[in-house]
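Participant: Chains A and B, in that order, give the protein sequences. Just so we're on the same page, the numbering used here is the position in the first sequence counted from 1, plus 169. Just so we're on the same page, the numbering used here is the position in the second sequence counted from 1, plus 3.
In case anyone wonders, no lab produced these hints; they're calculated from the structure. Even for Gly, the Cβ is constructed at its ideal location relative to N, Cα and C. Mixed in with the good hints, there may be bad ones.
[What the hints assert, rightly or not] Computed list of lysine-lysine pairs in DSS-like fashion (alpha-carbon distance at most 27 Å, straight line): (1) B:Lys493 / B:Lys379; (2) B:Lys184 / B:Lys250; (3) A:Lys532 / B:Lys99; (4) B:Lys99 / A:Lys556; (5) B:Lys472 / B:Lys490; (6) A:Lys639 / A:Lys556.
[What the hints assert, rightly or not] If you want the ones that stay clear, here's a sample from chain A, every Cβ over 10 Å from chain B, calculated: (7) Gly221; (8) Ser280; (9) Lys283; (10) His404; (11) Leu420; (12) Arg425; (13) Leu478; (14) Ser490; (15) Asp497; (16) Asp511; (17) Gly528; (18) Lys532; (19) Lys586; (20) Gly652; (21) Gln665.
[To be verified] Covered stretches of chain A, as calculated for chain B (at least 3 residues, CB under 8 Å): (22) 253–266; (23) 348–362.
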Amino acid sequence: MTSDITRASAAELADALSRKDISAVEATQAHLDRIAAVDGAVHAFLHVDTDGALAAAKDIDQRRAAGEDLHVLAGVPIAVKDVMATKGLPTTAGSKILEGWVPPYDATLVSKLKAAGMPILGKTNMDEFAMGSSTEHSAYGPSRNPWDLERIPGGSGGGSSAAVAAFEAPLAIGTDTGGSIRQPAAVTGTVGTKPTYGGVSRYGLIALASSLDQAGPCTRTVLDAALLHSVIGGHDPMDSTSIDAPVPPVLEAARRADVKGMRIGVVKELGGEGYQAGVRQRFEESVQLLVDAGAEVVEVSCPHFEYALAAYYLILPSEASSNLAKFDAMRYGLRVLPEGVDDPSAEQVMAATREAGFGDEVKRRIILGTYALSSGYYDAYYGQAQKVRTLISRDFAAAFEKVDVLVSPTAPTTAFKIGEKLEDPMAMYLNDIATIPANLAGVPGMSLPSGLAPEDGLPTGIQILAPATKDERLYGVGAALEGMLSDRWGGHLLAQAPDLADLTSAIAKEARA
Amino acid sequence: MTTTTAAEKVLDYAEALASFDPVMGLEVHVELNTATKMFCGCATEFGAEPNSQVCPVCLGLPGALPVVNDKAVESAIRIGLALNCEIAEWCRFARKNYFYPDMPKNFQTSQYDEPIAFNGYLDVELEDGTTYRVEIERAHMEEDTGKSLHVGGATGRIHGADYSLVDYNRAGIPLIEIVTKPLVGAGERAPEVARAYVATLRDLLRALHVSDVRMEQGSLRCDANVSLRPRAEDQQAVPFGTRTETKNVNSLRSVERAVRYEITRQAAILTGGGSITQETRHWHEDTGVTTSGRVKSDAEDYRYFPEPDLVPVAPTRELVEDLRGTLPEPPAQRRRRLQGDWGFSDLEMRDVVNAGAVELIEETVEAGASPAGARKWWTGELARRANAEGRDVADFGVTPAHIAELDGLVTSGRLNDSMARQVLEGVIAGEGAPTEVADARGLQIVSDDGALGAAVDTVIEANPDLAAKIRDGKVQAAGALIGQVMKEMKGQADAAKVRTLILEKLGVS
Ligand SMILES: [Zn+2]
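Work the whole structure out from these sequences, hints included.
Facilitator: If you want it as structure tokens, here you go:
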């Protein structure tokens, strides 16, 4: 086991830990070693907490030795997107404006990970304040896709998915506002789940767009996602939008892995024009496997999805412009004094700090949102967008009258090259076109690998969507499909990814020279 | 900029009223006295160490989320009901976006187009016994901001200060903002109406036990909007004039004075052919004038939108009816009833109300005191002392039970007035309940014939002239001797008994 600790899934690791085949310290150290070896190339992490992770692992080993009844994932290490507040650990949301900020409190989700005894390896890279679809908008430099280091790992949570894909962490936490868990999962060959809105507490999640944000698991297998979902899900009195109901039976569904008799809807509006041929091909093959396994597949239409992107790019910047107003140099984070001003006013300090601390994409969206909310434009923009949102929810409701789940390709293309779309925000925004409707309606979604696109050999993803609070359906269908695909591939898709160890040493050599 | 801007030209009040009809709008902010803040569990105690009552939520730290305080919502509903308002079945909070160093999130969580209570009224009794009905537009919930302290510089304002400190203890304290509809037809009584409205509202809120309503501590603050329209045959047909908003007026007297000043100031400008600038103004208690603050431009845009971090507030009709059942008797009605029960004159009752002592007296009477005794202590000695020390009567630690006990000691003849005052001194100093203090200090009217007789003899002997006068029938001269006996007995003698003894010993009884 020891030799491929980092190749093991979280479930396998949990088994080995409970059988005491390995210790939590060994498991954690193996991942820290892997990070040390490959993260120079991947740049999945913004901050690695070696001491904290090992201390937590040691504590778990002692408690296990003392015969304590531990959580099933106790001792399984995890990486957390840098948008979640972690007490005593730097948290920047990928922005210069929060450089050096160490929160005095833990996000509820982080408290739950700690309570389960999961060592936190560190904080993962992301687009600044989760604005982006490529992790190129991180103020600390882009993350790279382990399948091809010249390509993006998706965004905004590219760091979390890249860490999982590069075997730096068996599990990671992501957040999904318009697809930031599912889209990186698709382009890195991993599994990403956005639970039902309110299914996982947002307390401690640095808000991008409050009504859209949802934290969830980034993993290599559907079962691992279910395990992690069970840890982080559930009601939180600190978040008034959190659902006051038990976590859906996701683990049971993942173990059952059955689609017999299920009605599966293929969304007509997602998968046509603008979708790469190889992406469509792998998607169709996956749908065929579901049919073979006894599911009934029908095409369903969601006519208002075509307005989803437009509505999303009004609602998100509007909420973001307000959420980001707190970054004003008054209490924490960056403070920049304006140049050439002797006795600056508070407003001048705020302005200078925000000018220096925010990147272009963040500024672009703050300006958009400020405009969309301003009086005289509110009804035409924000108000209209909210109406579209209602129509999209109705599309979902009508579709789920007919089918149990909906499916589509997760992202229209495989990973593009770093820098390729940086100058074209619209092209970048289109990456989330299939994932956005779920955020607008608050329904859960999952992406899992559907294969490699024949034309470029890069991972493609299939998205599964379920009605709100019926998250277990994602796991049932996902696990069934994953089983069939793994049989076809002869194991996990990531086994076909390049071995980064060689590349890393080459890069390291280059850096040293 | 200085704080003592010279007063602008004003018009004589009577002249102003002859030419113009004032229209007012009053906005009162009330800090609720809930144990915790509007959106988090932090304490709300006044005067605590700066930034000792804060958490990630009320500091607006990244990631923190608000959760509505149900107790604050209940208080808001009770206020709405007491103001005869309709209570919303479903309403939301909104974000009011603007940058301000005191405000942790740079937006204030407030209610914009969906207030919890709306369309009400409050009847206000004026000095002449007539009633003015103040129509209430809305009462909505919001959170307070923090407080800046500018250090250095002469004025205590940000301009010229060396640095500024911000205390966020107040940030997030629940506020209810009560907004009137335009108050018209008050004529020359407009300033009195403003004062009477705020006073009536304060009494009502006090009776509801929802706020400390201490204007001097800012837990009740009034913004007064004033505009003038020229007198005309058909006053209703004349549109409202441009208004000014005088912010944070913090005493009843100031409310009246500020409105009156604005009427005369605006009248002077309008009769001089000028026009009124729409702006906020500051009231200066010391000079009795308002000065220009921020000019309100049309560009001011708070970019309101529904607060996505909070679920809507949807009070059930059962809850609303339950809360209606908790409303107290309206203060005016209750005052009339208690005045009858206690037998107070109108003047006495007004003193009691002004001293905020209605409830204290009620409880003291319930504890066994005579109404007159209760009134004497609460509105006399204690109110005087509180006034002089700038404190609140409640801060002395004197309870209605203490006063009832003290009153009993006087009526039973154990203490006289001056001794009772000494006992009260001891109670305030924390020496215990009145009887304990009297015992410990050895305070007790001496009515023992032996001791009194000896003192009387000494005094008669020392004042042969006075004694002779009394023997001759000039009984009123006994007063001087009584005073001397009291002195001899260190004030602890029973004065009536002393008088009897003197007259007896001088053979004139
Ligand atoms: Zn707080």
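Participant: What hint numbers does the structure not satisfy?
Facilitator: 14, 15 and 23
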